[in-house]
Amino acid sequence: MTYFITQFINGLQIGAIYALIALGYTMVYGIIKLINFAHGDLMMVGAYIAFFALSDWGLPIYLAAAVSMVGTAILGVVIDRIAYKPLRDASRLSALITAIAVSLLLQNACMLLFSSSPRRFPTVTANLPTISIGNSTVNVIVFISIALAVALMMILNLFVNKTRIGKAMLAVSEDMRAAQLMGINVDFIVSLTFAIGSALAAFAAILYLFSYPQIEPYMGAMPGIKAFIAAVLGGIGIIPGAMVGGFLLGIIESMAKAYIPSAFSQITDAVVFLVLILVLLIKPSGLMGKPEKVKV
Amino acid sequence: MFFKAKQSDAAALSAMVPDSAILEVKDLSVYYGAIHALKGISFYVRPGEIVSLIGSNGAGKTTTLQTISGLLTPREGEILYRGKVINKVPSHKILQMGLAQVPEGRRMFTQISVEDNLLMGAYCNHNKRQVDEDVQRMYAQFPRLKDRRAQKAGTLSGGEQQMLAIARALMSHPQLLLLDEPSMGLSPVLTKEIMHIIQRVASEGTTVLLVEQNASMALSLADRAYVMETGRLTISGSGSELLHDPRVIKAYLGG
Ligand SMILES: Nc1ncnc2c1ncn2[C@@H]1O[C@H](COP(=O)(O)OP(=O)(O)OP(=O)(O)O)[C@@H](O)[C@H]1O
Ligand SMILES: [Mg+2]
Numbered sequence: 001m002t003y004f005i006t007q008f009i010n011g012l013q014i015g016a017i018y019a020l021i022a023l024g025y026t027m028v029y030g031i032i033k034l035i036n037f038a039h040g041d042l043m044m045v046g047a048y049i050a051f052f053a054l055s056d057w058g059l060p061i062y063l064a065a066a067v068s069m070v071g072t073a074i075l076g077v078v079i080d081r082i083a084y085k086p087l088r089d090a091s092r093l094s095a096l097i098t099a100i101a102v103s104l105l106l107q108n109a110c111m112l113l114f115s116s117s118p119r120r121f122p123t124v125t126a127n128l129p130t131i132s133i134g135n136s137t138v139n140v141i142v143f144i145s146i147a148l149a150v151a152l153m154m155i156l157n158l159f160v161n162k163t164r165i166g167k168a169m170l171a172v173s174e175d176m177r178a179a180q181l182m183g184i185n186v187d188f189i190v191s192l193t194f195a196i197g198s199a200l201a202a203f204a205a206i207l208y209l210f211s212y213p214q215i216e217p218y219m220g221a222m223p224g225i226k227a228f229i230a231a232v233l234g235g236i237g238i239i240p241g242a243m244v245g246g247f248l249l250g251i252i253e254s255m256a257k258a259y260i261p262s263a264f265s266q267i268t269d270a271v272v273f274l275v276l277i278l279v280l281l282i283k284p285s286g287l288m289g290k291p292e293k294v295k296v
Numbered sequence: 001m002f003f004k005a006k007q008s009d010a011a012a013l014s015a016m017v018p019d020s021a022i023l024e025v026k027d028l029s030v031y032y033g034a035i036h037a038l039k040g041i042s043f044y045v046r047p048g049e050i051v052s053l054i055g056s057n058g059a060g061k062t063t064t065l066q067t068i069s070g071l072l073t074p075r076e077g078e079i080l081y082r083g084k085v086i087n088k089v090p091s092h093k094i095l096q097m098g099l100a101q102v103p104e105g106r107r108m109f110t111q112i113s114v115e116d117n118l119l120m121g122a123y124c125n126h127n128k129r130q131v132d133e134d135v136q137r138m139y140a141q142f143p144r145l146k147d148r149r150a151q152k153a154g155t156l157s158g159g160e161q162q163m164l165a166i167a168r169a170l171m172s173h174p175q176l177l178l179l180d181e182p183s184m185g186l187s188p189v190l191t192k193e194i195m196h197i198i199q200r201v202a203s204e205g206t207t208v209l210l211v212e213q214n215a216s217m218a219l220s221l222a223d224r225a226y227v228m229e230t231g232r233l234t235i236s237g238s239g240s241e242l243l244h245d246p247r248v249i250k251a252y253l254g255g
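Keeping their order, the protein sequence lines are chains R and Y.
Using this note's numbering, you'd call the opening residue of the first sequence number 1 and step up by one each time.
Using this note's numbering, you'd call the opening residue of the second sequence number 1 and step up by one each time.
Source of the hints: derived by calculation from the structure; they are not laboratory data.
Wrong hints could be hidden among the right ones.
Below, in silico cross-link-like pairs of lysine to any residue (SDA-like), each with a Cα-Cα straight-line distance of 25 angstroms or less [as the list claims (entries may be wrong)]:
hint: 1; chain 1: Y; residue 1: K152; chain 2: R; residue 2: M1
hint: 2; chain 1: Y; residue 1: K152; chain 2: R; residue 2: K257
hint: 3; chain 1: Y; residue 1: K88; chain 2: R; residue 2: D187
hint: 4; chain 1: Y; residue 1: K88; chain 2: R; residue 2: I82
hint: 5; chain 1: R; residue 1: K257; chain 2: R; residue 2: K33
hint: 6; chain 1: R; residue 1: K33; chain 2: Y; residue 2: S216
hint: 7; chain 1: Y; residue 1: K152; chain 2: R; residue 2: I82
Everything numeric in this text was worked out from a predicted model, so none of it was measured.
Please construct the entire structure, taking both the sequences and the accompanying hints into account.
Shown next, in the form of structure tokens:
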């Protein structure tokens, strides 16, 4: 039983990370119907920024997190302005291919700049206590991570549903042209969406590094693709969907890791992709999604 | 009367634009790719008028309104709003200049509440007190919206959605209101109600440019009107003149 509980907590932790990254996918998709394949790589850039802020500039972790979030947000906005904005009226396929190109560009640029050899993220959790559950222990950082992620998501929810600009984001994602007729500056809303999504990815990167303290140019790929699956699982374009999908996927993955015999440990990642296939087969619009509206 | 518009062709009319026009459209040409949707149309609207634009499916009415609102860019021609060329002004700024549109098909934000839809209409107004007052004013004018203020807009009936679409546009205090087929899909009773609303809006000082397929409604409301056919304005005159024009009767009034 304690094994199950600790695995469940681990699942929540990785799920919180997936949820934060999934939010970026889903918010951007909601607004401009683009699957930003470079989103996982933005998380990777966030990790590098946090690394340099911590180890080279000697900033405390909370400031390093802030610097990383701001830096990644700016990068996200710049990428949209340069690479995606000119393609707003082009086919979705062109934009998708561009996103893949941006992903490769970010990975290769980081490889050139920082080399492919992994760097170790400084341990910021060394002095933190652990909590024992039965005969196993969980570091407090796990609980802190989950709490921070949940807090951030609650703030995002309040922002989107209660503020004027947040509601404008919902309006733009439902009907961009009608939103323009309300005097909403759509370019600003799109940039804001990229900024928020990218900052959340940077925050996720830091939470990720607490548990997997390795930084390398390809580190964004796997969490990126899993978060994308989480977004689809919850219903792409739907903000609460990304949160639910993220946690759910984290728990599924953690349970698969825990209960699939280690001889088959390679297939735990496959479980996650199986989830994607099942969702696409059974409810393509995702858990919280409505079936596609049929235009009459 | 400043001048009496006779039934005449569009070119002759554009030569007679009064200086006082709030909106003036000159030789406007709009394309969708290779499709030539507007083939050089010219018309004007004077302050305080209700001007109607009638025409059948695909004539180019929506294209005209979307171009005025800045959602489409004309290839040729000019749009002057209160004397300023607005062809290149982005649509969100056009609203701030006092030009609002009730789009075809209502285009509610279905996932947010009725009240939030009204608030979106006042997006550019930062004076919270005034916005609150405006919301109350809209509830007074459209009591059915008040009863449904917390409901998601997507749950409203077609008629209620049309009321909300008009109320939402009025939240920005427009000087010129563009309406795209507000009677679409509504019963005769509701169409009457919409007509009264448009009359009231006009009597309160908002200039109205009304696009309709329902010609009898649009012409009976209009001070002046234009007939649009496949991207051109073909007939124009006062509302009553067009109501009695044999060509209009034959083509649009089921005569
Ligand atoms: N997005 C688009 N892409 C290509 N062609 C378009 C587009 N929108 C409109 N058109 C074409 O432009 C022409 C004018 O269309 P528009 O929607 O302005 O007509 P309308 O007068 O508003 O018709 P309705 O009364 O049916 O609303 C039509 O031939 C239409 O097919
Ligand atoms: Mg139309």
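- Item | Structure-inconsistent hints, enumerated in ascending order | Hints 1, 2, 5, 6 and 7 not satisfied by this model.
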